[in-house]
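Undergrad: Sequence:
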Amino acid sequence: MMTVSVGVADYLRMYFPSLPRFAIAIGMILLTWLVNEFGIMASVSFQIITVVQLITGILLVIVAALLGGGNPDFSQPLPQGIPGFMQASVVAMLCYTGWNIIGELGDEIENPRRNVPLTIIFGLGIVALLYTGIGWVVAGTLTVAELKTSKVAVLDTAMHYLPHWTAHYINLAAFAAAITSVNAVFLAVPREFSALSEEGILPKWIMKFNPKRQTFPVSIAIIAVVGSALTFLGLNPDQWGMMCVAGLLGANIFISLGTFRLFKLFPEQVASSPLPIRKWWVYPSGILSALCSIAFALMAFYFLKPILIVAGIMIAAGLFLAWKSRKP
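Taking my numbering, the leading residue of the sequence shown gets 396, the next gets one more, and so forth.
For the record, the hints were derived by calculation from the structure and aren't laboratory data.
It cannot be assumed that every hint is accurate.
Computed cross-link-like contacts, EDC-like style, restricted to lysine to aspartate or glutamate with a CA-CA straight-line distance of at most 16 Å [to be verified]: (1) 546 to 633; (2) 546 to 432; (3) 603 to 432; (4) 700 to 633; (5) 659 to 633; (6) 603 to 593; (7) 719 to 593; (8) 599 to 587; (9) 543 to 432; (10) 543 to 663; (11) 607 to 594; (12) 719 to 594; (13) 607 to 405.
Beta-carbon label-pair distances, calculated as ranges [claimed, not checked]: (14) 608 to 463: 15 to 23 Å; (15) 466 to 663: 31 to 39 Å; (16) 487 to 675: 27 to 35 Å; (17) 425 to 718: 33 to 41 Å; (18) 509 to 673: 18 to 26 Å; (19) 463 to 422: 27 to 35 Å; (20) 717 to 538: 49 to 57 Å; (21) 462 to 650: 39 to 47 Å; (22) 422 to 646: 23 to 31 Å; (23) 418 to 717: 17 to 25 Å; (24) 466 to 666: 49 to 57 Å.
Ideal placement from N, C-alpha and C gives every residue a C-beta, glycine not left out.
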């Protein structure tokens, strides 16, 4: 949430030049909070509208740039060398954080045997098309020096090929990109709180439920307040991105290792799963996932060493809460 809200704030500053970046980021978070206060269906409808706007805006830039000859120069495939490529690959892991959200919302999906695979297949296809396309045309339009200094690379690329008035639509697409990710946090995190509350790690009052609106008002309030407060730290989007990757992949290490106890601890759930869960593919996938997660998390720690302090505090807090909530 911090990565996208702070990062996309620069696209909106042309409309609010006197506002600092953190104020615009807070505005996006509070707007999403307001939408979620209206109920789950309002949140879902909001998500659909903004995703459509996001896709059309990105496709507009991709098509215009391809027709205009925006092709990358592969004579220097690694202009920043191996370290630059490795650092970029860590931040690029943010592209895959949506898979976590699919998993967190999976038990609320109708007909999961059919719809979860379709979601992954179509989602992966759309993401591959959009991310490859926008990366291609941005790298084919802006120089390395321009990429290093630009805070609105997609907009700068678009202005090489499109009329100036389209900048508003491109900025709206950037806003949609941020707001969909922020909204996904509001949709997914209360489910994580719910799981922790059921385990006794978090207090029950956090999971107060509004049956009419199908929302968790206390949980989404906590998300909004904490998210808004974090913007005052003044970190840039790359720093937030590194922290996000380290946190997600650090957690993924534990989840990957946890799959080895899945069959012993939850035999009934495994047997009744809408998708077949078998040891022959779960165990190798868990090992590969853990190894890859460790590698990327370590790279994030290397490129942003203060994450080690944050990670240490979070692990210590998690172990304390787990010890405190242990069952006799």
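Undergrad: Taking 33 to 41 Å as the hint, is the beta-carbon distance of residue 425 and residue 718 inside that range?
TA: The hint (33 to 41 Å, Cβ to Cβ) holds, given that residue 425 and residue 718 are roughly 36 Å apart.
Undergrad: Assess, step by step, whether the Cα of residue 543 is no farther than 16 Å from the Cα of residue 663, and give holds or violated.
TA: 53 Å, violated
Undergrad: Take a look at whether the Cβ-Cβ distance between residue 487 and residue 675 falls inside 27 to 35 Å.
TA: For residue 675 against residue 487, whose Cβ atoms are near 30 Å apart, the range 27 to 35 Å holds.
Undergrad: CB of residue 418 to CB of residue 717, is that within 17 to 25 Å?
TA: 37 Å, violated
Undergrad: With 39 to 47 Å as the target window, see if residue 462 and residue 650 comply at their CB atoms.
TA: 44 Å, holds
Undergrad: For residue 466 and residue 666, compare the CB-CB distance with the range 49 to 57 Å and indicate the outcome.
TA: 52 Å, holds
Undergrad: Take a look at whether the Cβ-Cβ distance between residue 463 and residue 422 falls inside 27 to 35 Å.
TA: 34 Å, holds
Undergrad: Using the C-beta atoms of residue 422 and residue 646, is the stated range 23 to 31 Å upheld?
TA: 29 Å, holds
Undergrad: Between residue 603 and residue 432, is the straight-line Cα distance small enough, at 16 Å or below?
TA: 13 Å, holds
Undergrad: Taken at face value, is the distance from the CA of residue 432 to the CA of residue 543 at most 16 Å?
TA: With Cα atoms ~39 Å apart, residue 543 and residue 432 exceed 16 Å; violated.
Undergrad: Going straight from one Cα to the other, do residue 607 and residue 405 come out at no more than 16 Å?
TA: The given pair, whose Cα atoms are some 37 Å apart, is violated under the 16 Å limit.
Undergrad: Hint check: residue 607 vs residue 594, CA-CA at most 16 Å. Holds or violated?
TA: With Cα atoms ~26 Å apart, residue 607 and residue 594 exceed 16 Å; violated.
Going down the numbered hints, you'll see the structure goes against 2, 5, 9, 10, 11, 13, 14, 15 and 23, while the others check out.
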